[in-house]
Structure formats: structure tokens, C-alpha cells
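Enquirer: Please build the complex by placing chain B on the supplied structure of chain A, with the hints as guidance.
Protein chains: 2
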Amino acid sequence: MITVHHLNNSRSQRILWLLEELGVEYRIEHHQRDPKTMLAPASLKKIHPLGKSPVIVDGRNTLAESGAIIEFLADKYGKELGLAPEPGTPERLRYSYWLHYAEGSAMPPLLMSLIFSKIKTAPMPFFVRPIARAIADKAMAGYVGPQVKLHLDYMNAELGSRPWFAGKKFSAADIQMSFPIEAASGRADIDKYPHLAEFLKKIHARPAYQRALEKGGPYELMR
Amino acid sequence: MITVHHLNNSRSQRILWLLEELGVEYRIEHHQRDPKTMLAPASLKKIHPLGKSPVIVDGRNTLAESGAIIEFLADKYGKELGLAPEPGTPERLRYSYWLHYAEGSAMPPLLMSLIFSKIKTAPMPFFVRPIARAIADKAMAGYVGPQVKLHLDYMNAELGSRPWFAGKKFSAADIQMSFPIEAASGRADIDKYPHLAEFLKKIHARPAYQRALEKGGPYELMR
Numbered sequence: 001m002i003t004v005h006h007l008n009n010s011r012s013q014r015i016l017w018l019l020e021e022l023g024v025e026y027r028i029e030h031h032q033r034d035p036k037t038m039l040a041p042a043s044l045k046k047i048h049p050l051g052k053s054p055v056i057v058d059g060r061n062t063l064a065e066s067g068a069i070i071e072f073l074a075d076k077y078g079k080e081l082g083l084a085p086e087p088g089t090p091e092r093l094r095y096s097y098w099l100h101y102a103e104g105s106a107m108p109p110l111l112m113s114l115i116f117s118k119i120k121t122a123p124m125p126f127f128v129r130p131i132a133r134a135i136a137d138k139a140m141a142g143y144v145g146p147q148v149k150l151h152l153d154y155m156n157a158e159l160g161s162r163p164w165f166a167g168k169k170f171s172a173a174d175i176q177m178s179f180p181i182e183a184a185s186g187r188a189d190i191d192k193y194p195h196l197a198e199f200l201k202k203i204h205a206r207p208a209y210q211r212a213l214e215k216g217g218p219y220e221l222m223r
Numbered sequence: 001m002i003t004v005h006h007l008n009n010s011r012s013q014r015i016l017w018l019l020e021e022l023g024v025e026y027r028i029e030h031h032q033r034d035p036k037t038m039l040a041p042a043s044l045k046k047i048h049p050l051g052k053s054p055v056i057v058d059g060r061n062t063l064a065e066s067g068a069i070i071e072f073l074a075d076k077y078g079k080e081l082g083l084a085p086e087p088g089t090p091e092r093l094r095y096s097y098w099l100h101y102a103e104g105s106a107m108p109p110l111l112m113s114l115i116f117s118k119i120k121t122a123p124m125p126f127f128v129r130p131i132a133r134a135i136a137d138k139a140m141a142g143y144v145g146p147q148v149k150l151h152l153d154y155m156n157a158e159l160g161s162r163p164w165f166a167g168k169k170f171s172a173a174d175i176q177m178s179f180p181i182e183a184a185s186g187r188a189d190i191d192k193y194p195h196l197a198e199f200l201k202k203i204h205a206r207p208a209y210q211r212a213l214e215k216g217g218p219y220e221l222m223r
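Sequence order for the protein chains is A and B. Numbering follows this note's numbering, with no gaps: position 201 of the first sequence is 201. Numbering follows this note's numbering, with no gaps: position 64 of the second sequence is 64.
Accuracy of the hints is not assured; some may be wrong.
Same chains, same names: a pair is fine if it fits in one copy or spans any two.
What the hints assert, rightly or not - Straight-line distance between alpha carbons at most 30 angstroms, and here's what the computed DSS-like set of lysine-lysine pairs gives:
#1 K149 x K118
#2 K76 x K202
#3 K138 x K45
#4 K168 x K46
#5 K76 x K168
Since the hints were made in silico from the structure, they are not lab data.
Only chain A is shown next, with the shape it has when bound in the complex:
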């Protein structure tokens, strides 16, 4: 049976959702973030040297990295369900593109935006705070903010041109792409991006998404 090493409020929520869509049996090994630092616990280090989540174990294979896990599981168990488009099709090309784009391009500016907002609110002497704020605001205004907006505009436009990321049908690329969009919705006014807001509404309505949420526990990203 597949084991998912699941960390609360993390990228591994996607893997539970995919497995629910696939209807494959699996068990969850729960790992909890340190409530103060929000960092992953040492228990995850025993599973994978980077100490990150998700990691899955499927027979002899131990695999990390959301995009690689999703590609592996959807190809192995999801072809008939259409969750992994056929190789050689335009859908497959887009599918592969979004699997890489989610973590390789969309997440880094969102992560930086989180870090600069933490810099603004970190404990520090009162006379330092205005300067810390000014530095963080400058980085946000000059680089991070425009990057975040560029990606949100782009994803919104893409979903305006077809119903799902890979094409007309829901695929595992939508599961991979849910993470940056859910993360952005915790930090930006997502209603300014109607196709992204609609995407979130559609995925939240899926029974498999809801079952995964029940099993994975609360899911509040980047607030």
C-alpha cells in the first residue's frame, strides 16, 4: 500500500487529494509543524534527507518533490480516469508545463512575499522597525510584488482561455496548480482574478478534495 508522509498545512495536501481522485488505497503518516516556528519536525528527516513533505513510499520506491510524485501516481493509476493526458498530445505538453511551472515559477515569488511580510512583523527594537518596513516595502514594490502580480494575471488569463490548466478536462496538473493559487488566495484579493476564484470554487466542490481535507486536517496556507 502507498504511504504518504503528510505535513499539516503543506504541499502534501495535494497528494492526498490526488490519491482520493485516483481511488487508490493509501495510508497517511502524519507529521506536525512546530507550532511556534512553523518548521517541519525532525521526524521527516528520517524519511528523506531534506526533511520536507510530501514524500511517498510505493513498494520499493520512495519519492519526493510534488511534481514528480504527481506525475508518477497519475501515470501509474490515473490514465483511464484521464488524470494524466496521453503522451504526444497538446494536452500532455501543457500538463507537463504546469506540473513544472507551479513550483518552478509561481511559488518562488509567493514565498518571497511571505518572507518579506515576516520581516516587517518580526520582533525587533522599535527604532529598527520603520527601517525594516521600508526595506521590505522596497523589495516588494520593486521586485516581488510585480512578479506576484505578473503570475496571477498570467494564470488568470490562461484559465480564461480553457476550462482547466491542461485543456478541456480536469487533470492532475490542476491538483499541482492548486497550491500556488490557494497560497495566493491567502495573501492577495483573489476576487480581482475571476478565473482563479472560479477555479478555487470548482476544486473545493470536488468530493475527492473534500475527503482529502478531512483526512489531512486543517489547510490554511501562508496567512
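Expert: Here is chain B on its own, set in the frame of chain A:
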């Protein structure tokens, strides 16, 4: 014929290298960074809405995102050369993992380290600089620095356990992974990581790497 939209000192250098390994005919459309801001020029926006590089055009397909481009090209032209391992093998699983890991996990901390080092040296009033330095140093010491080290240690250990990232044979995953390692070598003392230093030596000696460098122009990352 394949067109590569190439930006100097960027991720697209990898694509030139892959095409040289594949022995496929291609043409380069050159785009130059703004020498002051180091940002990509507006010309790239006409090719792809994100204005980033690499982007390739192969027949009717326009494709961005290094990992997706490499997967596509290596599967289409590189199977006989062994640049893309056979699906269903342990090599293919590792291959897919490293294709995702390079940009999804290894690059974000390296990028953040670059941004914090820019914060320390940005033009600012003299009385602000010590505070900016202190903030950047704290972010580096508390989060970014340990993350960079974790990944360098990890990649080094992985290359200690097998000759190339996917297995015994050189593959396109090594091309994808060259970017974070070359970027790290511009910012860290890479000789502390003997397997990474050895990896760089081996790839720099490949004739295809050298031909790509001649065609792509100078390649100095993150200095």
C-alpha cells in the same frame, strides 16, 4: 527547425547545451539583459507573457519552463542517445525527480540568498545600511543560509552515491541540475562539496557544453 529564445546568463544556456548533446539543428534568437537592472528585455514578452527565458518554438509548439522543455526535447530526440531514461525504470523516476527538484527545491533558497545579498549592497542612506545588513544577515543566518547548505550537502551526497543524477549514465537531468550547481558555485565555496566540484569539472569537459557556451555567450551566474 527549433528556435530557442536565449537570454544571456540565464536558464536558457541549458537548452542550448541539451540541443548540442542531441545533435539537433536549431537557431538562436538572442535577447540581452538590461546591463543596469539585469532584467530581461521587453522583446521576450512578445514571445511569452511572462517575459522569461528559455522559450522554444518547435513546429506548432511554443514551450516555456526549463524542466518541461528538457523533458520534451529529450523524449522526442534523445531516447536513443540515452539522454531520457526509459519510462518505468528506477532511472526514469530519479530523472523526473531531479527535473522537478532543480527549480522547485534547489533554486528558491539560492535566489533568496542573492536577493538578501543585494539588499546589503543596495544604494541607501549611510545610517540605514547597518540595519539593512543586520536584517539581511539575520534572514540568511536563520533561514536562507541553512537551507542553501542543506541542499548543497544533499546534492553532494547524492552524487557521492552514483556517477550522475539519474544513475550510471549521463542524462538530461544532469543538464537541468547544472543550473543550481553553477549558480551555487558563484556564491559558495564549491570545493567544500567535492562531488559537486567534480560534477562541474565533468560537465565543463563535454564538447557539447563547450559548443553551447560559444553559441550562447558568456555565462556568469549570480555573482
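Enquirer: State for each hint whether it applies.
Expert: Status of the hints after comparison with the structure:
1. K149 x K118: both (19 angstroms within a copy, 22 angstroms between copies)
2. K76 x K202: within (25 angstroms within a copy, 35 angstroms between copies)
3. K138 x K45: between (36 angstroms within a copy, 24 angstroms between copies)
4. K168 x K46: So K168 and K46 pass the 30 angstroms test across copies only (26 angstroms; inside, 41 angstroms).
5. K76 x K168: Classified as both; 22 angstroms inside a copy, 25 angstroms across copies.
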